[in-house]
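Engineer: Sequence:
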Amino acid sequence: MSGRTAAVAVISGGVAVPLPSVASTWLAALERFRPDILAAIQDLRDIRDRAQARGATRVLPLNHGNALSVYFADPEGNTVETYIDMPFYIAQPHGDPLDLSKDDATIMRETEAICRSDPTFMPIEDWQARFALKAVRH
Numbered sequence: 001m002s003g004r005t006a007a008v009a010v011i012s013g014g015v016a017v018p019l020p021s022v023a024s025t026w027l028a029a030l031e032r033f034r035p036d037i038l039a040a041i042q043d044l045r046d047i048r049d050r051a052q053a054r055g056a057t058r059v060l061p062l063n064h065g066n067a068l069s070v071y072f073a074d075p076e077g078n079t080v081e082t083y084i085d086m087p088f089y090i091a092q093p094h095g096d097p098l099d100l101s102k103d104d105a106t107i108m109r110e111t112e113a114i115c116r117s118d119p120t121f122m123p124i125e126d127w128q129a130r131f132a133l134k135a136v137r138h
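At position 122 of the sequence shown (counting the first as 1) the number is 122 in this note's numbering, and the numbers step up by one without a gap.
Calculated from the structure, these hints are not laboratory results. Be aware that a few hints might be false.
To be verified - Here are the simulated DMTMM-like pairs of lysine to aspartate or glutamate, each with C-alpha atoms no more than 25 Å apart in a straight line: (1) 102 - 46; (2) 102 - 49; (3) 134 - 76.
Claimed, not checked - Distance windows between CB atoms, simulated: (4) 99 - 133: 32 to 38 Å; (5) 126 - 77: 36 to 42 Å; (6) 53 - 126: 38 to 44 Å; (7) 39 - 132: 19 to 25 Å; (8) 135 - 53: 19 to 25 Å; (9) 52 - 122: 32 to 38 Å.
Please read all numbers here as calculations on a predicted model, not as lab measurements. All C-beta atoms, glycine included, are put in the ideal place defined by N, C-alpha and C.
Construct the entire structure; sequences and hints are all you get.
Structural biologist: Spelled out as structure tokens, the structure:
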């Protein structure tokens with residue numbers, strides 16, 4: 001899954017604040033966590049495990065269809081989201097439980113099935129092309 005993008009934000013008072021933020025120092029303690037290299041499902045597992053080992057609470061893996069996320073609360077109570085993009089588009093909000101104990105191929109297969117069952121589904125490249133066309137028209 002190399003080439004995928006990933007990001008981390010702290011959600012404080014309902015507002016997403018991209019890193020660097022109050023949690024960036026804490027996340028740096030997750031053994032040199034680098035959001036720019038979070039690109040595979042295993043990275044989500046690793047971050048989840050490291051965060052829990054360092055006292056994170058409210059750990060919640062979710063499958064958004066267009067992204068796989070792990071949410072958790074840092075020791076100050078800030079909600080942190082780590083995610084990787086998927087090659088699918090479906091309208092948001094969407095969130096199904098994500099079982100990270102499953103192997104990558106199973107997660108990908110289940111994610112694609114979830115997405116294809118949604119009436120807004122399309123491959124991400126198709127959505128990007130449509131979005132770009134709309135942007136040019138406006």
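Engineer: Against each hint, give a clear statement of whether it holds in the structure.
Structural biologist: Verification of the hints:
Distance restraint check for residue 102 and residue 46: the Cα-Cα separation of roughly 14 Å lies within the 25 Å cut-off, and the hinted pair is therefore satisfied. For a cut-off of 25 Å, the pair hint linking residue 102 to residue 49 stands: about 15 Å separates their Cα positions. This hinted pair does not check out: residue 134 and residue 76 have alpha carbons roughly 41 Å apart, beyond 25 Å. Checking the proposed 32 to 38 Å range against residue 99 and residue 133 shows it holds: the Cβ atoms sit about 37 Å from each other.
Take residue 126 and residue 77: their Cβ atoms lie about 40 Å apart, and the range 36 to 42 Å holds. The hint said 38 to 44 Å for the Cβ distance between residue 53 and residue 126, and at roughly 40 Å that hint holds. Range check, residue 39 to residue 132: Cβ separation about 23 Å, and the 19 to 25 Å hint holds. The hinted window of 19 to 25 Å between residue 135 and residue 53 is violated, with their beta carbons roughly 43 Å apart.
A hinted range of 32 to 38 Å holds for the C-beta pair residue 52 and residue 122, which are about 35 Å apart.
Taken one by one, the earlier hints fail for this structure at numbers 3, 8, listed in ascending order.
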